[in-house]
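K.L.:
Chain residues, written in single-letter form:
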Amino acid sequence: MALLGALPGAIAQGMIWGIMAIGVFVTFKILDVADLTVDGSICTGGAVCVMLVTRGVNVWLALFIAFLAGIAAGFFTGALHIFLGIPAILAGILTQLMLWSVNLKIMGKANQSLSARTHFVLISQLSPPLAILVLCGFLAVLIALLYWFFGTELGCSVRSTGCNRNMSRAQGINTGMTTILGLMLSNGIVALSGAMLTQYQGFADINMGRGAIVIGLAAVIIGEALTQRIFRGFIARLCGVVLGGIIYYIVYQTVIFLGLDTDLLKLLSAVVVAVFLGIPYIKKTYFSKVKKEAGGHA
Amino acid sequence: MLEIRELYKSFNVGTVNQKDVLRGLNFTIADGDFVTIIGGNGAGKSTLLNAVAGVWKPDSGVIYIDGNDVTNMSEYKRAKFLGRVFQDPMMGTAADMQIEENLALAARRGKRRGLGWQIRPGEREKYVKLLGTLGLGLETRLTTKVGLLSGGQRQALTLLMASLTQPKLLLLDEHTAALDPKTAAKVLEITDQLVEENHLTAMMVTHNMRDAIKHGNRLIMMNEGNIVLDIAGEDKKKLTVDALLDMFSKASGSEFSNDRAIL
Ligand SMILES: Nc1ncnc2c1ncn2[C@@H]1O[C@H](COP(=O)(O)OP(=O)(O)O)[C@@H](O)[C@H]1O
Ligand SMILES: [Mg+2]
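In order, the protein sequence lines correspond to chains A and B.
Take any residue in the first sequence, count from 1 to its spot, add 49: that is its number in my numbering.
Take any residue in the second sequence, count from 1 to its spot, add 161: that is its number in my numbering.
No lab work stands behind these hints: they were computed from the structure.
Be a bit skeptical, because a hint or two may be false.
[Said to hold, decoys possible] Derived lysine to any residue pairs resembling SDA-like cross-links, with alpha carbons at most 25 Å apart:
(1) Lys306/B / Ile192/A
(2) Lys306/B / Gly282/A
(3) Lys241/B / Asn223/A
(4) Lys241/B / Arg214/A
(5) Lys78/A / Asp249/B
(6) Lys375/B / Asp194/B
(7) Lys272/B / Arg214/A
(8) Lys306/B / Asn215/A
(9) Lys238/B / Gly225/A
(10) Lys333/A / Lys306/B
(11) Lys78/A / Lys154/A
(12) Lys238/B / Lys333/A
(13) Lys290/B / Glu202/A
(14) Lys272/B / Phe199/A
(15) Lys333/A / Lys290/B
(16) Lys78/A / Met251/B
(17) Lys315/A / Arg104/A
(18) Lys154/A / Arg104/A
(19) Lys238/B / Ser207/B
(20) Lys238/B / Met226/A
(21) Lys397/B / Lys238/B
(22) Lys329/B / Arg379/B
(23) Lys78/A / Glu286/B
(24) Lys238/B / Met147/A
(25) Lys272/B / Leu195/A
(26) Lys306/B / Leu203/A
(27) Lys306/B / Asp81/A
(28) Lys398/B / Arg379/B
(29) Lys329/B / Asn229/B
(30) Lys332/A / Asp257/B
(31) Lys218/B / Met147/A
(32) Lys287/B / Thr305/B
Here chain A stands alone, though its shape is the one from the complex (with noise of 0.2 Å):
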């Protein structure tokens, strides 16, 4: 019964979590890069948040600034992946290394409250079902305006990016700034759930953000698990991956609840995405027989 009475909360937390695996998407499934700025951005989203709001700015401005914040960040990681030529992983590391100092010093501290009963915020933990509904909204606003982007002429150069990098630049796209623009987008997103985050739980943390990247992953492949069953539009992938994040969160809270030690939760998370990571190179590798086919080059 204590569970069934958790449900709203766990799943508008898990719709938060949707809106970073979304940032996630953009660059895993759509660039075909592993961006782990995302653990860094997600705090930078919530401290540039908390600080603004405390400070008496519109919600809805601080969010704006904390997207710009976001997408600040991503245009580092893709500077030092692009012009530097540093690995996408080793980029995205070093900006999150960088992020951890950055947001200390935008909050001034490790921790900054934001309080629902002091401060007007979109969505607060005091009320699950009207956060619900806030989120519902303002996922659609989200999902509606990706789909806009990457069906225009820019957007998919972005996608032709992730899809066939060759391919892209011999139909004239420069991939270095579709691949920085992504993580721009992505980075933007990211922080923007972790503004939302904040203002549901009542405060930002410098930890808030530790291990995102794998909370993100694993929403995105349970998301993709469930679409490419039923329907592959690409509004319906964007719906599996927040539906992702809904249940990631319900299965940890059951877990929870179910009295597991609570210090083997990132354990276990990383387990089971590595394991799904692991999966399709399993079958290929383990799986497979070589097919025994006539003929070859003519």
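Start from chain A and add chain B with the ligands according to the hints.
P.N.:
Leaving out everything else, chain B with the ligands in the frame of chain A:
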């Protein structure tokens, strides 16, 4: 249309694997020429085409396309002058995107890509018509993901994409090598058709001597980074495989090393 002067390119410089592929290559192509290129494995055919496409920078030399010095121009920038088809059918298209999306990407080669919708009104009808000329039934499958097409269909589509913006130069690097003979013949037929309709200047690397003789108006043979044979006009029309093999051994002092070519 294309002018290459004193082009040098080495790979793995300073290692035991150093390979000096192009050593002062000079080469020009006139407007409207369709040059077929043959040569043994490792002769430097792909290296020549990659130099023109700007896949990497040469060590020294100059490359002009239609009077423009492109030597220091990045690959994506000079794409506006070029249409390219590769040996691997996977390489020329975006597999996760639809046929019409791939065409729309190619149609914007050399143009600014903004926030307008990727496919404008009227564009789709144009693609249906163009796909119809391929005779592969693709005109009814505009929204099919390219990854679901066969190798031959993908090469034909890549050819169409390459010729869509009327490039100054078409670069075909063994674009039929991965196809079965029947499909290869069909793709070559489409190649001829597109080159003719669009009045394109083209360079076509092929491993098949008969195709090299049959297509185009000029044939060059490469060996160890040099152009050892250059035959055009009436001489090319009279060429036979035997004569070509003969000329190769005279020019290079060795047997032709690419046994796939003697078909
Ligand atoms: N990127 C590269 N790195 C190292 N060596 C290369 C590279 N590209 C080509 N080569 C070498 O240059 C020589 C010419 O290659 P290539 O132009 O591909 O020959 P082909 O005439 O068969 O197309 C070969 O010996 C090849 O091994
Ligand atoms: Mg080659």
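K.L.:
Looking back at the hints listed earlier, which ones does the structure fail to meet?
P.N.:
11, 12, 15, 17, 21, 23, 24, 31
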